[in-house]
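Since chain A is already given, all that's left is putting chain Z on it; use the hints.
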Amino acid sequence: MAASLERTSWREVQIDHPSCWELAVASGPDDPGRLTFSDRRYHRLDLKWRAIRYVPNVDLLLTRHHSRDQKDGRKVSPLTTAPPPWKGLVQETASACIVHAMRHFSGARLLVEASLVWPGRRDIPLENAVLASVATPDARQDARLWQAMGLSVTCPWQYDLRASSLKVGQIQWDFLAMAGQHKVDKQAAALRVERMAMPEHWLKGQALRDWLAGQLPPGARVISQMCIRQDQQVTPGPTRGTWRSPHPAEQILSASKAPLAGRIRGLQDVRLDLAWLCPPEGRAYHVQLTQRRTDERVEPLAGLQVRCCRPVPDVAASRNVG
Amino acid sequence: MTASTAGLRRPRSLSAEDFLRAVPFANRAMTIVPASDGGALASIPMNRPRWLVPPLSWMLPYSSQRRVRLDAVGCGVLGLCDGNRNIETIIEEFARANKLSFREAQLPTTQFLKQMTERGIIVVVGFPASAAGK
Chain A
1 MAASLERTSW
11 REVQIDHPSC
21 WELAVASGPD
31 DPGRLTFSDR
41 RYHRLDLKWR
51 AIRYVPNVDL
61 LLTRHHSRDQ
71 KDGRKVSPLT
81 TAPPPWKGLV
91 QETASACIVH
101 AMRHFSGARL
111 LVEASLVWPG
121 RRDIPLENAV
131 LASVATPDAR
141 QDARLWQAMG
151 LSVTCPWQYD
161 LRASSLKVGQ
171 IQWDFLAMAG
181 QHKVDKQAAA
191 LRVERMAMPE
201 HWLKGQALRD
211 WLAGQLPPGA
221 RVISQMCIRQ
231 DQQVTPGPTR
241 GTWRSPHPAE
251 QILSASKAPL
261 AGRIRGLQDV
271 RLDLAWLCPP
281 EGRAYHVQLT
291 QRRTDERVEP
301 LAGLQVRCCR
311 PVPDVAASRN
321 VG
Chain Z
1 MTASTAGLRR
11 PRSLSAEDFL
21 RAVPFANRAM
31 TIVPASDGGA
41 LASIPMNRPR
51 WLVPPLSWML
61 PYSSQRRVRL
71 DAVGCGVLGL
81 CDGNRNIETI
91 IEEFARANKL
101 SFREAQLPTT
111 QFLKQMTERG
121 IIVVVGFPAS
131 AAGK
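From first to last, the protein sequence lines stand for chains A and Z. In terms of our numbering, the first sequence opens at residue 1 and continues consecutively. In terms of our numbering, the second sequence opens at residue 1 and continues consecutively.
One chain only, chain A, in its complex shape (with noise of 0.2 Å):
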């Protein structure tokens, strides 16, 4: 097991996995819960999961499944080397050995299952070390971990990630608090974050304070705009919390008009932006909190975190490993 694990933790569980195996899909929201990993070669990891009401019989779910590939004359024996109480079968194939693996976690009430593809040696303790990282994190937590695609982002546990977007080498997430399943808190701020690689070519050859305030609304109104010193305990504009700045950074808050039916109750949409340069990775970083009030200030997110300084993927030593 010579590969170092990286976490990704998304929706309702967690995994630690090769850092060569990478996200390659990643469910949307009220998808059913779904991310699947590949190295530069095939796919290896596959991991569904989904909410159930009653607690299942796995050994029942396997034995039909093992009597049905039995009958299609597939290859398929018990997993008996799995971490309890992960079950499953090995479905050998003349090119790959395929690990299918489920396990119910009784306190989320979910149904997990893994699919592992090992396409030349079968590393058993990889995959047994793959299987029993999965986790659920504990909905009672105030905050939730959302770590993929270079992102690592805490933020509290009803916000809950209704869109991204993926360019080259930009990556950017909108959180939205949830009053219910599908219902929008929309007197909570909204967040958005955004991780950028080749900063000078995202940045246009700007500085990164004009680059944030070409960022802005057309038509917004700039209340302060500030510097801040690494380190530095900052309140952003009259607001009551305070950030701790990782780097050097650039501070806007700007008010712009909301709609004509809160314009008429006199809201505004006010919005607080901070951006910084992360030197060991060499990505920008920009957050985004936007909310709709009558005062010119925005309420910080309690617990939000957005972690950079994170080490550089070496590509070479990723060749040939798994």
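The hints are simulated quantities; they were obtained by calculation from the structure and are not laboratory data. Fair warning: this is a prediction, and the values are worked out from it, not measured in the lab. Don't take every hint at face value.
Computed far set for chain A versus chain Z, every beta-carbon distance over 12 Å [stated by the list, open to error]:
| no. | residue |
| --- | --- |
| 1 | Arg-68 |
| 2 | Ser-77 |
| 3 | Thr-93 |
| 4 | Met-149 |
| 5 | Ser-152 |
| 6 | Ala-197 |
| 7 | Ile-223 |
| 8 | Pro-300 |
| 9 | Pro-313 |
| 10 | Asp-314 |
Restraint ranges, calculated between C-beta atoms of paired labels, are given here [said to hold, decoys possible]:
| no. | chain 1 | residue 1 | chain 2 | residue 2 | range |
| --- | --- | --- | --- | --- | --- |
| 11 | Z | Thr-31 | A | Arg-41 | 51 to 61 Å |
| 12 | Z | Gly-79 | A | Ser-256 | 19 to 29 Å |
| 13 | A | Pro-279 | Z | Glu-118 | 47 to 57 Å |
| 14 | Z | Leu-41 | A | Lys-204 | 18 to 28 Å |
| 15 | Z | Gly-79 | A | Thr-81 | 42 to 52 Å |
| 16 | A | Arg-41 | Z | Ala-72 | 24 to 34 Å |
| 17 | Z | Thr-31 | A | Pro-279 | 36 to 46 Å |
| 18 | A | Ser-256 | Z | Met-46 | 48 to 58 Å |
| 19 | A | Asp-31 | Z | Gly-38 | 54 to 64 Å |
| 20 | Z | Ala-72 | A | Glu-296 | 48 to 58 Å |
| 21 | A | Arg-265 | Z | Pro-61 | 52 to 62 Å |
| 22 | A | Gly-107 | Z | Gly-76 | 47 to 57 Å |
| 23 | Z | Glu-118 | A | Glu-200 | 44 to 54 Å |
| 24 | A | Arg-41 | Z | Gly-79 | 22 to 32 Å |
Derived, one-sided and incomplete: chain A residues facing chain Z with beta-carbon distance under 10 Å [what the hints assert, rightly or not]:
| no. | residue |
| --- | --- |
| 25 | Ala-24 |
| 26 | Lys-87 |
| 27 | Gly-150 |
| 28 | Arg-162 |
| 29 | Leu-166 |
| 30 | Lys-167 |
| 31 | Val-168 |
| 32 | Leu-277 |
| 33 | Glu-281 |
| 34 | Val-312 |
| 35 | Arg-319 |
Ideal placement from N, C-alpha and C gives every residue a C-beta, glycine not left out.
Showing chain Z alone in chain A's frame:
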């Protein structure tokens, strides 16, 4: 050189392994004029279509060269297409230069190489693993 002139047949489907082993070659007939912003202007000579004869050629505008503007990032990738590096190596070098992971670098690089192939700037020559005795 194209796949047809080399007597090669286009495979029905290409595995990821075969694709990463393929080697892009820059068009030797192309001329590149560097720009001040780090980019460049590539000019690729084009054959006049056989049907473009007078009086049609008097009415239809025709240029003997296709010009493609490249930004600094594209120039860097094109510079790696020297016929000695395969696509996997090009992706690795692009990733290393820009502190990207392999997958982050793979998507833009392959898209760029596809566009450059469509414009006649490069040609990608594949070496299937089966043909290489693997």
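These are the hints, each one checked on the structure:
no.	hint	verdict
1	Arg-68	29 Å, holds
2	Ser-77	28 Å, holds
3	Thr-93	15 Å, holds
4	Met-149	9 Å, violated
5	Ser-152	14 Å, holds
6	Ala-197	5 Å, violated
7	Ile-223	35 Å, holds
8	Pro-300	29 Å, holds
9	Pro-313	4 Å, violated
10	Asp-314	9 Å, violated
11	Z:Thr-31 <-> A:Arg-41: 51 to 61 Å	37 Å, violated
12	Z:Gly-79 <-> A:Ser-256: 19 to 29 Å	44 Å, violated
13	A:Pro-279 <-> Z:Glu-118: 47 to 57 Å	37 Å, violated
14	Z:Leu-41 <-> A:Lys-204: 18 to 28 Å	20 Å, holds
15	Z:Gly-79 <-> A:Thr-81: 42 to 52 Å	49 Å, holds
16	A:Arg-41 <-> Z:Ala-72: 24 to 34 Å	30 Å, holds
17	Z:Thr-31 <-> A:Pro-279: 36 to 46 Å	38 Å, holds
18	A:Ser-256 <-> Z:Met-46: 48 to 58 Å	49 Å, holds
19	A:Asp-31 <-> Z:Gly-38: 54 to 64 Å	41 Å, violated
20	Z:Ala-72 <-> A:Glu-296: 48 to 58 Å	41 Å, violated
21	A:Arg-265 <-> Z:Pro-61: 52 to 62 Å	59 Å, holds
22	A:Gly-107 <-> Z:Gly-76: 47 to 57 Å	50 Å, holds
23	Z:Glu-118 <-> A:Glu-200: 44 to 54 Å	27 Å, violated
24	A:Arg-41 <-> Z:Gly-79: 22 to 32 Å	26 Å, holds
25	Ala-24	7 Å, holds
26	Lys-87	31 Å, violated
27	Gly-150	7 Å, holds
28	Arg-162	23 Å, violated
29	Leu-166	8 Å, holds
30	Lys-167	9 Å, holds
31	Val-168	4 Å, holds
32	Leu-277	12 Å, violated
33	Glu-281	6 Å, holds
34	Val-312	5 Å, holds
35	Arg-319	8 Å, holds
Of the hints listed earlier, those the structure fails to meet are numbers 4, 6, 9, 10, 11, 12, 13, 19, 20, 23, 26, 28 and 32, in rising order.
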